[in-house]
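Asker: Here are the chains, one letter per residue:
There are 2 protein chains.
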Amino acid sequence: MHIFYSLLMSSQVVGSTSNPQVSGVGLYFCDGQRKVDYVLVFHQRRHGSIRSPATTSVSQDRLSIVSNGNFPPTGASDVAPARGDGIPGGEAASVGEVFIELGAAGENESTEPAEHEMHLIRQEFEANLIEAGLEIERDRELKAHGPSFTRLHAPWPVLCREAEFLKIKVPTKTSYELKEESGFGSSMSTVWRKLNQPFQPKVSHQDHGRTKFLSHCFSRDKLHLYNITSKDTFFDNATRGRIVYEILRRTVCARTCQTIGISTLIAKGVYDAAFPIHDGDYKVIGHLEERNDRQVLHEEWAKYSAFYKYQPIDLVRKYFGEKIGLYFAWLGVYTQLLIPASIVGIIVFGYGVATVDTNIPSLEMCDERLNFTMCPLCDGACDFWHLSTACGTARASHLFDNPATVFFAIFMSLWAVLFLEHWKRRQISLSFSWDLTGIEEDEEHPRPRYETILLQKRQRKQKNKKKKKKNESAIEKLTWKDRLPGYFINVSSILFMFGLTFSAVFGVIIYRITVSALMAMSPDPETKSNVRVTVTATAVIINLVVILILDEIYGAVALWLTELEIPKTETNFEERLILKAFLLKFMNAYAPIFYVAFFKGRFAGRPGNYVYVFNDYRMEECAPGGCLIELCIQLSIIMLGKQLIQNNIFEIGIPKLKKLVRALKEKESAQTEKEEERPPQQWNLDYALAPFEGLTPEYMEMIIQFGFVSLFVASFPLAPLFALLNNVIEIRLDAKKFVTELRRPVAVRAKDIGIWYNILSGMGKFSVIINAFVISFTSDFIPRLVYQYMYSQTGTMHGFIDHTLSYFNVSNFKTGTAPHNSEHGDITVCRYKDYREPPWSADAYHFSKQYWCVLAARLAFVILFQNLVMFLSLVVAWVIPDIPKTIVEQLKREKKLLVDVFLQEEKDKFQLIQSLFAKDANLQPSSHMLQPGQTIPIPGRYSTLPSGPTSGDGGGGTRARCRAASFSQFSRKAPPSPRNENENSRHTAV
Amino acid sequence: MHIFYSLLMSSQVVGSTSNPQVSGVGLYFCDGQRKVDYVLVFHQRRHGSIRSPATTSVSQDRLSIVSNGNFPPTGASDVAPARGDGIPGGEAASVGEVFIELGAAGENESTEPAEHEMHLIRQEFEANLIEAGLEIERDRELKAHGPSFTRLHAPWPVLCREAEFLKIKVPTKTSYELKEESGFGSSMSTVWRKLNQPFQPKVSHQDHGRTKFLSHCFSRDKLHLYNITSKDTFFDNATRGRIVYEILRRTVCARTCQTIGISTLIAKGVYDAAFPIHDGDYKVIGHLEERNDRQVLHEEWAKYSAFYKYQPIDLVRKYFGEKIGLYFAWLGVYTQLLIPASIVGIIVFGYGVATVDTNIPSLEMCDERLNFTMCPLCDGACDFWHLSTACGTARASHLFDNPATVFFAIFMSLWAVLFLEHWKRRQISLSFSWDLTGIEEDEEHPRPRYETILLQKRQRKQKNKKKKKKNESAIEKLTWKDRLPGYFINVSSILFMFGLTFSAVFGVIIYRITVSALMAMSPDPETKSNVRVTVTATAVIINLVVILILDEIYGAVALWLTELEIPKTETNFEERLILKAFLLKFMNAYAPIFYVAFFKGRFAGRPGNYVYVFNDYRMEECAPGGCLIELCIQLSIIMLGKQLIQNNIFEIGIPKLKKLVRALKEKESAQTEKEEERPPQQWNLDYALAPFEGLTPEYMEMIIQFGFVSLFVASFPLAPLFALLNNVIEIRLDAKKFVTELRRPVAVRAKDIGIWYNILSGMGKFSVIINAFVISFTSDFIPRLVYQYMYSQTGTMHGFIDHTLSYFNVSNFKTGTAPHNSEHGDITVCRYKDYREPPWSADAYHFSKQYWCVLAARLAFVILFQNLVMFLSLVVAWVIPDIPKTIVEQLKREKKLLVDVFLQEEKDKFQLIQSLFAKDANLQPSSHMLQPGQTIPIPGRYSTLPSGPTSGDGGGGTRARCRAASFSQFSRKAPPSPRNENENSRHTAV
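Going line by line, the protein sequences match chains A and B.
Quick note on our numbering: the first sequence kicks off at 130 and runs consecutively.
Quick note on our numbering: the second sequence kicks off at 130 and runs consecutively.
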């Protein structure tokens, strides 16, 4: 019964906003009123015949609008007999045919079979769209080839219906005051706001006031509750696009191709593209005040010069939808939190710089008087050498390997936890202010590929079991059997990729070993002295190049492998793709770093018993200052190089190149055609942009960067700084891309960043372990501690270097491995860095007690560090509530307000009804008497005693009036519905 | 507008079910129709005067029903002038007064002031309840003292209204087939079902069929959708109770005492108790077929003889609500999963038993030929001893300290993860089948104590700032300042309790040291040989007693401390209480075990340099077989003792005692009164039961048990078995308590087990670390491994015992500590268990290389174990999806069906409207012509072309008819509403 009412209401609203909007070129149907919410594009093939001149003369206007007008009842009754059969396909077909006769007569072109088929599919699909309530406009222009646009418009009733289904939350008229801070807090926040002023983008804030509108799921029964000023703007463009996409997604093509949704049709090539259109050009031409959202975004957000400003996240969300909004919000939070991390990193680095001249171990290493004669670095060709020649690396090592680094590693582990917790809170705040609380996941349709494979399977099964009369519907889904080959290829490919990565790393190791061996043999002393630097630098660059190449390859391979798995839904697909791509890219980016951190130099053996690869080359050792400095070099070069190259070449260069190529092509084809006279419409402009292809690459880049910042941060405290610098640019780069270079993506609702959060959190946990191992095994922190507190006679670090060096009797060299031409003639004992028994001990060259002692200390440190940090993380996560307190309070308040509003409404309704009945039934009020034991339904109580304990909001009065108005309208006999009015007016017109 | 319709519908339903139900004594009002949903009890004080005989003669019936009959309009109009002022308190007061005049005239007793005040409060409260729609019945009987019962009944409209507010999900008429497994799976499940048959309780399963009814939040607009067979049974008793409780909870007492809700009134002593009543007696008297739910639960669930059966969880939930249902479901899952753990535990123990005779270390220890002379166990009095005398403990040690234990520790860590994951799934399944998906947390009112303190604060503030004219509403909540003293006492008390626990542990240590020293000095050889056993056993028993006593104390202290914190809501209170109680009880139960596992024997020093406490007593050492066997004894005695004593004494004994005492008291008071003739009503019986006091103690007991099962499982593989045996009894014990000994609790909705899950999961994580340390540090597993692979000449364990014993030169004993009277005369060197350098080494008695090597291995094992298990746990948690696949599919299906139902409904509505208008407006159908460019709202499309893509469910037809019927009813002019009918009939009656 209430649909009367909603009909009435909707017609009222429809009626109230008929002023034509003419601003914005190419954003509306030809009538200048109906907004283009979505565009479908297909490519007209070149060899279509020109249509007959008769039809051209009939349609004078360049555009024809095919809308869901009323079919004549005769047509409907024609269809009626088929209705009972319940074959939706058949019916849809007949509707489609009707449509073709009526509206699309001019489109009948004689194309080649496949093209013709596509044409039919398009016809059916669009007919079904019209049936679903959308309105369609097509180019009527003569166009033998080139893109052909079908514009879709969702009228108000469709928007209402879908908004109700999608449970879109919209603001109601009820607003409430946000709690103001009082006293000190208030003045603080004022100061803070003033300080922040220059960093705020110049965007009109509707949400940042002192009041917030209560929002509620859209419902056509409750139209009077919402703040509807104009039916055209009540749903913003992004929401409209989403609603239309929702219809496109579920519209079936039963007769011609048995598919569901636009994405399948695009996959089949029936359409080329489908996208909502941008809000207009992004370049501001007129007044600054009349900027559309895209222009505002371009001016205030997508500019490098705005790098110091906050992002206008609410506007981003309004324009691009929640999913993209969340990405940028996440990126913003990450970048913001990198600031303190960078500052602490700089301080830690500064501490290293400041203490390098007072650090006893490096002083001892540089002290030429101590005169440690070290064993040669290669067999035969190399000579003994003095430790003081490695003074440089020792000093450099200290920059990164000092007690502050341990503090920094703990700090960064907690920072990662804090970052995640902070993001959780921000996410909740956003989903609250974006009215996403309580939304459910939308159901998804299978992916096109899944459907194709399923169809094939059914057909195969049918062929095989024709005689057995098995029910076809038994095959409802693909089982693991169908996916087995896919899984098999998956596992083997991933293993192969792993192998590839490892062999690449190994190849670089071989390169390093051989080149350094060769260079060491060279007679040029200049070459010899620069061996380590040259080899390390070139090897890292080779590594970097390999990583960049494999990164691209792995991206493609992951996509291919995921396709092979035939995931059912898009979400499924995305998740699997992300996992695979992450695994491969992570491996790729970090394998060489892991090698340097944990394996390099640990399998080199000892003098007299070296480990050889290929029987010839000795395994490489770490620099005398420790492996940490090499790790640091490796890390910084790969991180910087990757970011710079990926940002510049892959994100700026290649898109520019692609655009250039496309523009050239367009020009070429345009030259053969006759020139278009009219200015390009918005959909033409948008079609020329690159399609939006998901956020996965953007997230992936950041996650890998997060790895650099968190995983090995103990070895490179400047990583957060470099990440920060990169991200400040990255935000604007991405923003530019979204605003100017991509078609507008469909606004997808999303509550959170999904699997990325899990990856981040897993990485955070992993980083604790890695950092623990880096500090205890790669750095010299633990040996120094052990020396100071267990072995040092004076309690200072003096003598540490001597303690770390073992003795080797040169007579124990294997034949041929001793230096051929030694400048140090009379050497009997050389030193090497290890904890082993001296030659004069009983078990010479075995690990000494110190070795085990240091090892135990290292391991104990790992346990301590890991559990301490894990415990602290838990405490941090527990102390910081996931949902900010203010939000909890506001949610409670909103809920209470909502109940109040509904209770008030109910009361008003009953009052109204009573007054109606009172008029009708002429009851004598004096005869009402209380009869104990008699029960009446409770609502009656409300009408006689309206202000019960639940009353008490101020906004009920106006609503009651609005409600009363509509009731009284209805009570003077059923008025003609809008539909009937239309029909009546048409009667007279016809 | 749609309220017309819902009114109609509800009146229809109300009309259809007026058959009186007379079964069940004392479950209904005196009219035998209206169910008693809730009972409020207050105690009449003895010195109330007897009311006047005039009133007694007026009411002939023993019971008077005060229901929300219609007030005369004059009364309503009297109230009307006050309505606009918006002072709910004042209005409620006037209503209350009206009520007092009309219904409660007979209750006016002249009691003492406080009693009189309470009487007024009760009057106002009950008047407000009536205003909220509840119906009330009171004892009219003369009763000078004793409990006085106020019965509440919620009529259908109230139930409907509240069900809508509370978003209670109810089954609709639409049902769907659950997917049947086909082929092999189907036959497997049949076999499984058959096998399971004897374990199933004999409860009628409505849910276990092949179909499930779609459920949807109750809404009065959609009454036609629900499967309402009778308005009396549509909401089950638990739901009715909950609804009434909801009203009781939010009903204000503005005039007399400014409180909200029944709990405050109970806290103030205005009422003694408030509870829903049981479904009748739990003893089956009549036919087995006609058992009420309570009887079914008693027969099939709350019996020890049903221990092998599954629990009828659905029925438990139906009767006691979701929260208690979840507790028993959780307990069931836990107990079930203990079965495999017990089996593996038994196997592991069996492995120990089977290999004890082939185990080389224990054989070597028992081998008298090896003849290790050990250093004395105490100073002076003790003699040197032979290791072979400790053969028994060595053999016993092997039972628990063997390689299988390591496997078992890993297994149990994964088991804990599996248990939690399994429970998560079960929880989701339950919340799906109990229709809890998507419920939100109910808002809670502040606790009485919080309100009192807040009021005090306000008054204080008002007094202080009377002149400053500050707004009173500024004080909205208690801040940290108000709670500071509470927090302070909290922290200091908890620290004190910790100290208490530790000193208790320390006291037992002292007891052990002194007693064993004294016993060692005793001349009796019998005493001497039993030193260790006697001391250990008595010490553990002392420990146990201390634990049990402190456990009770800590429970009370936690309650007291939480009250001091003044938490705002009940949930808040519960959470804080649980955390505190858990912390204290955990500490208490595990402190002695932790001591034995990780500290005992580690600070004993070495011969010649022992550590002394109180300058006299040597710190205790572990048994020669390792500390593990002592840990095992400690653990098993504490666990078993705690469970047996707590189960028997605290859960069975004390309640029985309490009951006895209460019964005695009752009898005493009854003797002074005159005998009651009529049989006790259900509310009398229920009032005699103990009130329900929350699930916290039940959960706490199980969580502490879970600790025994998981934390130290490496040392005692039989723990799961004992836990299993205990829990099988525990379930039935708790069930018995709930069914027979407690008042019916209000059915509380809960989605999950709340904070307990976090505690469990935290404990699972903690157990990984603890087990890692137990294996590597408490057991001899690592030293054995190290010996076998690094030091053993033969690669076997031969010589291990020798290797673990260090040498000590007896000449190095400090003066007076060497044995006074040694039977072994010529001993120069004795052995002790440690890795230290021998006396003849350069750094004698320092830790040897082996020590560091073993230490490194131990630490490495901890790292390996911890990270391996954590990784495996992550994998397990990741592999097992949180939501079972079938549930995901069913949820999707339900959602789709629901959309279909609503779409169909909408279509039907419009068809109906059209047909109505078609009749009214006499439109010519032939004039419908398609006008391109004209837009009509989409619903019109549905009416002309009803079978669009969204159609296709079979159930729409009947619903459409049902809808149509109601519409047609409505279309013949507005019929009088039920209210009006009542009024009309009363007109004639009066």
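These aren't lab readings, by the way, just hints derived from the structure by calculation.
Take the hints with a grain of salt, since some may be wrong.
One copy or two, either will do: identical chains are not told apart, so a pair holds if it fits within one copy or between any two.
[Stated by the list, open to error] Think about it this way: if two alpha-carbon atoms lie no more than 30 Å apart in a straight line, the pair counts; the simulated DSS-like pairs of lysine-lysine are:
1) K586 with K323
2) K943 with K164
3) K586 with K1014
4) K447 with K323
5) K785 with K1014
6) K452 with K1014
7) K880 with K296
Asker: Next, verify each hint and record whether it holds.
Answerer: Hint check:
| no. | hint | result |
| --- | --- | --- |
| 1 | K586 with K323 | neither (66 Å within a copy, 35 Å between copies) |
| 2 | K943 with K164 | neither (86 Å within a copy, 100 Å between copies) |
| 3 | K586 with K1014 | between (54 Å within a copy, 23 Å between copies) |
| 4 | K447 with K323 | within (26 Å within a copy, 58 Å between copies) |
| 5 | K785 with K1014 | neither (47 Å within a copy, 45 Å between copies) |
| 6 | K452 with K1014 | both (25 Å within a copy, 26 Å between copies) |
| 7 | K880 with K296 | both (14 Å within a copy, 23 Å between copies) |
Hints 1, 2 and 5, counting from the list given before, are not met by this structure.
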